[in-house]
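Visitor: Single-letter residue listing:
Protein chains: 4
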Amino acid sequence: MASSAEKTRNRLKNIGSFDIIEKLKENLNKNSDTEKDRLPIELKITEEGTTERRNFIYSETGKTLPLLYGEHSFNNLNTLEGNIENFIGMSMIPTGVIGPLRVTGTDDNGDFYIPLATSEGALVASYHRGAKACYLAGGATSICLVEGVQRSPVFKFNTIVELGSFLSWVLPLTDHFRHITENTSRYAKLIDLKANIEGNHLILIFEYSTGDAAGQNMVTLCTDEICQYILEHAPVKPEFWFIESNYSGDKKATAYSFSNVRGKKVTAEIILPESIITSVLKTTARAMAEYWRTSTVGVIQSGAIGAQGHIANGLTALFIATGQDVACISEAAVGITRMEEKEDGALYASVTLPNLIVGTVGGGTALPTQKECLELMDCAGEGKARKFAEICGAVVLAGELSIAAALSSGHFTGAHKKLGRKKVKS
Amino acid sequence: MASSAEKTRNRLKNIGSFDIIEKLKENLNKNSDTEKDRLPIELKITEEGTTERRNFIYSETGKTLPLLYGEHSFNNLNTLEGNIENFIGMSMIPTGVIGPLRVTGTDDNGDFYIPLATSEGALVASYHRGAKACYLAGGATSICLVEGVQRSPVFKFNTIVELGSFLSWVLPLTDHFRHITENTSRYAKLIDLKANIEGNHLILIFEYSTGDAAGQNMVTLCTDEICQYILEHAPVKPEFWFIESNYSGDKKATAYSFSNVRGKKVTAEIILPESIITSVLKTTARAMAEYWRTSTVGVIQSGAIGAQGHIANGLTALFIATGQDVACISEAAVGITRMEEKEDGALYASVTLPNLIVGTVGGGTALPTQKECLELMDCAGEGKARKFAEICGAVVLAGELSIAAALSSGHFTGAHKKLGRKKVKS
Amino acid sequence: MASSAEKTRNRLKNIGSFDIIEKLKENLNKNSDTEKDRLPIELKITEEGTTERRNFIYSETGKTLPLLYGEHSFNNLNTLEGNIENFIGMSMIPTGVIGPLRVTGTDDNGDFYIPLATSEGALVASYHRGAKACYLAGGATSICLVEGVQRSPVFKFNTIVELGSFLSWVLPLTDHFRHITENTSRYAKLIDLKANIEGNHLILIFEYSTGDAAGQNMVTLCTDEICQYILEHAPVKPEFWFIESNYSGDKKATAYSFSNVRGKKVTAEIILPESIITSVLKTTARAMAEYWRTSTVGVIQSGAIGAQGHIANGLTALFIATGQDVACISEAAVGITRMEEKEDGALYASVTLPNLIVGTVGGGTALPTQKECLELMDCAGEGKARKFAEICGAVVLAGELSIAAALSSGHFTGAHKKLGRKKVKS
Amino acid sequence: MASSAEKTRNRLKNIGSFDIIEKLKENLNKNSDTEKDRLPIELKITEEGTTERRNFIYSETGKTLPLLYGEHSFNNLNTLEGNIENFIGMSMIPTGVIGPLRVTGTDDNGDFYIPLATSEGALVASYHRGAKACYLAGGATSICLVEGVQRSPVFKFNTIVELGSFLSWVLPLTDHFRHITENTSRYAKLIDLKANIEGNHLILIFEYSTGDAAGQNMVTLCTDEICQYILEHAPVKPEFWFIESNYSGDKKATAYSFSNVRGKKVTAEIILPESIITSVLKTTARAMAEYWRTSTVGVIQSGAIGAQGHIANGLTALFIATGQDVACISEAAVGITRMEEKEDGALYASVTLPNLIVGTVGGGTALPTQKECLELMDCAGEGKARKFAEICGAVVLAGELSIAAALSSGHFTGAHKKLGRKKVKS
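Residue numbers (the numbering used here), protein chains in the order written: chain C, 18 to 443; chain H, 18 to 443; chain R, 18 to 443; chain S, 18 to 443.
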């Protein structure tokens, strides 16, 4: 029992620790100044506007992004090694910027300019509006709660009795498996081992922390090494086995990952005062809460995993811009959004993303424009993954606020009221 | 009853019509020649290899892709209008090519070279291997079965009695709504209207065909026009309403869309003879079928929607390359993969994708490199969406075959057998 | 299109018709008198209390229930024919009564005494409290919206091309299938035929109305007759087929049935004024709405189908008492509960049950005590199934109100407040 | 890490321990005699047949069941205290018997006669046939893998920072909570405490073992005591809290409970040789495996939780007969069934039931006929719950085999073959 509680504490060390909470409070106090100049939104794309934004970003962040801006051309093919085969060229994705987005996290806090690569009109403008509301309200609190990436080999036996003999042998070996992990990867740490039995099928769920990498390949290699050891030494051999049982939730939305963690679990929240809801979002807390309640019952009826608005929109654009594994949107875009009216006309809103598979090293993070985009947020390289995950949470929160505002305002009408023609992005 | 059967027939007109079936048979006969030169896979990226591939593609297809190849630089900002706001530059995504992928569809058939934009190593190589196996086996059959995009406004009433009065008035108006649709959009056609009642909430599900566009904005505009009419004329007014109840499955995996259609529903199949499984995929039909069965039980236990391997990988890469709404991977990557061993050592494999939201006009399809990539497959512009969807189905099938082969081979071992070190992509 | 709208109208004829709505309004007006004597709750079981209740029920309904009361003993074995094999005796389930439950339905309206057979303490008392609140508020509105029972055979072909040929032949035959249905069963009517394709698998979904029977066996027999015809005459034969593909949702909670209908779809609602919430439920609308919102986010995170409290409790007890197929609780207990605070301190509450598989003829409805229990509600025999379904909806609503009140009251506390010890049933 | 592995070992102590595995092997050896007389099936219900069965059961087990048989009448009202309120009488449910069902478990092993209370014709006969096949094949292996019942209070805070302060305080207190549990209940033991955070909502998941009781009320009382302590002493108070967040899966099918445990998790398996499949089940392993594969793809498409045939049928009948909380069928009937053809024409089959909420003390287990039915299987009272759960697993396995045989035989036909008219139960 003690050990189990200890485990829960370890897993929740970001939120369940006094030190982190004190750090958070301190960061919250810092984020009280909102006088900073803001990036103006431009719906029509012009040379002048583009130049102005680039200058603005430089003045705010000191960053130039020559490859993204097309000022340097990319011609260093060998940097693509390990990212692509049968290379023929570079697809170009229009990239806009939103911000400043003020984020108070456990890792870092500050005001960020967020690059979003998309071809879907209105997306950047919508997220920008949400970011503005968050900024004016003092910023979003965003916390990376738990981390863990799984690989889940399956072993099949003749009978469940043989499975039991195998399992009795394998479970005491976790210290050794941790040792194998350390010898296989500099970054991966084995943090949990669970077993799932279905008839004569045994799934072993190896869960790792993966440093600042998204880590899917890393955990495959470590698990393969462990399985080699197991297969060589086990007194009872499986009939066959596979390195992945399709239980780990890789590249798919699953209820299992949704109620556990896959990558990083982040929760972000904000309280928007009435005045900002009125001036920036052009609606009311009541209308937004009403929309939330109604649409939550709608999405339950659709048989979704989780309940949210359009998390995928902003997250996909951010993943493309920053060299994440974009196919992981399948799982990363699962989450919970919640909105509640408070007594004084303010709105409480939160988003929770349990399957945020992101990294700031490895994968596509060192590619030309991707690295620039990570650097724009000071999120490139080691020691930045948790911070980046917390920024992701705040971006998603901004987007959920904006779409709920769009859907609740104007349309939140009595029947006799004439509707405005409005293009709704989602 | 007759009307209902007629509706089912209309919806399944691609598969449930003698003419289409005859066309398919004819196309199947055409696809018997497999002597064509093949694109060699190159894992290491070199100048020479890149040049060679570009030449090969030119010789096979007559296509040059100057923007993708970086030969022309992009500088026509106003083509980005409607795709982005707050533009600062272009993110560059490494793009590889696989093929020829032979596809027999209801719309077109032939051998295609498929552009995949990704930063995930091994993905292109894996899909290329699957494409090779399909090509040598005579090509995949891929059929777009049904089409439909939904927008689902919700109306809230004081009581269910008021809801009933409203519904009694609204249901007979579908012809008029069709008329409104025609006046609002050149492409959209209202093909179905359903109602879902939960207490005093009424969700009206408007389903449209959207021509060759993905169509989400189009259906929003049409539904808004219809709702304006409703709100002006309804004898009983709702307390409030929203243009979207979050029931339509936009940007999320839902059981409802999975068991209906969202965008296009495509099914693709192939029978791989034993010799090709051995030579190209380095495994056996039995091992692949065993893997399929085991991993299907695994994915059921994970609480996924559908059951598949890594559909998201190839589809995301193809969506990025061709200007699709990449966030729709959330719903598009839901599907069913099936593999069965046949008596003679062959393998039957199929994939079914009920939520393929794709288009060949609108959205990002006219962007610089995206248009080139669509043209590479002769899929740019009007009249091409169904063909493109059928190609998507075949690409996904190739990828599912390749990963199942990787996971089943080598690892499908008795316990005493030494394992090879292998990087598994997914 | 017109035909599709017509179909929707036919399916929703209960709610989408002016006549029914007028009938409902009329019934609502009738249900305004609440002076009737009420059944007192007795937590301790005594001879006197039992006798008193039986007398009360007789005085209110004129019903004696000699077999349930143990006054007659059951000894007519042949009445069990078709209900059981290897009979050895009768299990006895304690049965309590709640009421009057006032129900305004499309079929009937009035005050009902509801028999609940259970061994779970507090269940009857909890539902009785909910019923009392509903009665004092003028009764619940409960509407059977749609009806349909499915049987879903699957046909497997060599290839999807053969499947297409088969489908092209089968779809125009629905009139003939309707004819076969009429010749096979006096009660069943074929109301819809849909097709679902996955690779070379074709599932045909036959949907029937089944009169006043739950109808699962009836639809199996009709579908078997239809399939015999198909297999004899189809120009392309399937490799094999099964009468049920496990798609129909029989005896299991499924997202598909939840978003369609299985059996009967019922929605019930009530508005409870503040005074009744305070006096009967000992809580407030705000606390109940807060509980609803919080627990809805909780149940979403648990990965449930639908979102409700303890529908299964009352429905199971009612199913056992009335001879329903109790195993169907698996699917029938899926639904949506919603609670909202209104401006004046009142509470709006509704439940929606899309999979209510119930009957008043066939199955166990003619068994000794079961028939008495159906008669107690004037629900035995032909012409009563829709009424019984509407009563089920109102019973479930009463139970959802009572548990939400229990969970929100007392426990809806600041931290310094001492809690009362309370046994919570669920 | 060590502690986590230890926890996994503790949780899987039944299967992951050498002693248990040795016991199982020993039990398997004992179960080799199959010469015992068998109970004949009687489809028509007669006095003679009933008497003969009662005599047979007496001769095999020494049990008389006077209350079930109607030989004694029930008249001891105060035994109903705590099981019912507003009592009016006893509902009578026809009860049949199947067996002998041979079960090899970790707790006990032997041949059992199983009482099933139902009104659904063919159910008992179908399960009896499956039991016969299992018996002749040497019996099913059935193992209770894990146990745990949850109660999941939710605490709401102003902000996630306050939540963090509260959590930091509460997590180290698990030893104290264990102490509170011991003081509150003789049977309950707190075995795990987990935390789930969503914005400012904190769900604490208390998991208990509950001895031989199903335990839902027991865990409510213990959790309430713990929460009282928390609310009195916590340095940061929640805005409000509820004893149940609707996350625990009580009375509903949820993906969360399905991938964890609720009550007891049991897996049962059997290998049926070809000869028994032919003679008893009238089909082949290939046909059954084909049916399994096809229907598994069917049930995936229906959006079920898990994948099985008609678990609910037998389990409901057994729950009614033995005084279980029948409403828990909602969750208990979730599971996985698997069938595979083996090289020699034999069939491997297994069922896995992760949410088996059952008890042999408390609830309805001491009611008149219910106690007799538990005694018939030597499952009444303390020390019997695990054994009873393992019998449940074997009963379900028998039923799954029988329905798969019915659906695969006869109907597994070429198209030209005439079908027999057959009533399919499910």
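One or more of the hints may lead you astray.
Identical chains share a label here; the pair holds if one copy fits it or two copies do between them.
Listed below are the simulated DSBU-like cross-link pairs for lysine-lysine, each with C-alpha atoms no more than 35 Å apart in a straight line [to be verified]:
| id | residue 1 | residue 2 |
| --- | --- | --- |
| 1 | Lys299 | Lys30 |
| 2 | Lys254 | Lys42 |
| 3 | Lys61 | Lys30 |
| 4 | Lys359 | Lys299 |
| 5 | Lys61 | Lys42 |
| 6 | Lys299 | Lys173 |
| 7 | Lys206 | Lys359 |
| 8 | Lys211 | Lys173 |
| 9 | Lys80 | Lys173 |
Since the hints were derived computationally from the structure, they do not count as laboratory data.
Visitor: Are the hints correct? Go through all of them and say.
Guide: Against the structure, the hints come out as follows:
For the homomeric pair lysine 299 and lysine 30, neither the shortest alpha-carbon distance inside one copy (39 Å) nor that between copies (40 Å) is at most 35 Å. With identical chains, the CA atoms of lysine 254 and lysine 42 are at most 35 Å apart between copies only, with a shortest distance of 17 Å across copies and 54 Å within one. Neither within a single protomer nor between protomers do lysine 61 and lysine 30 lie at most 35 Å apart by alpha-carbon distance, with minima of 46 Å and 42 Å respectively. Taking CA atoms no more than 35 Å apart as the test, lysine 359 paired with lysine 299 passes in both settings, with 17 Å inside one copy and 24 Å between copies.
In the homo-oligomer, the alpha carbons of lysine 61 and lysine 42 never lie at most 35 Å apart, since the shortest distance is 40 Å inside one protomer and 50 Å across protomers. In this homomeric assembly, lysine 299 and lysine 173 come within 35 Å of each other (Cα to Cα) only across copies, at 22 Å, whereas the closest approach inside a single copy is 59 Å. Proximity of lysine 206 to lysine 359 under the C-alpha cut-off of 35 Å is found in neither arrangement, the shortest distances being 43 Å within a copy and 40 Å between copies. Taking the shortest alpha-carbon separations for lysine 211 and lysine 173, both the intra-copy value of 16 Å and the inter-copy value of 30 Å come in at or below 35 Å.
For the homomeric pair lysine 80 and lysine 173, neither the shortest alpha-carbon distance inside one copy (54 Å) nor that between copies (41 Å) is at most 35 Å.
Taken one by one, the earlier hints fail for this structure at numbers 1, 3, 5, 7 and 9, listed in ascending order.
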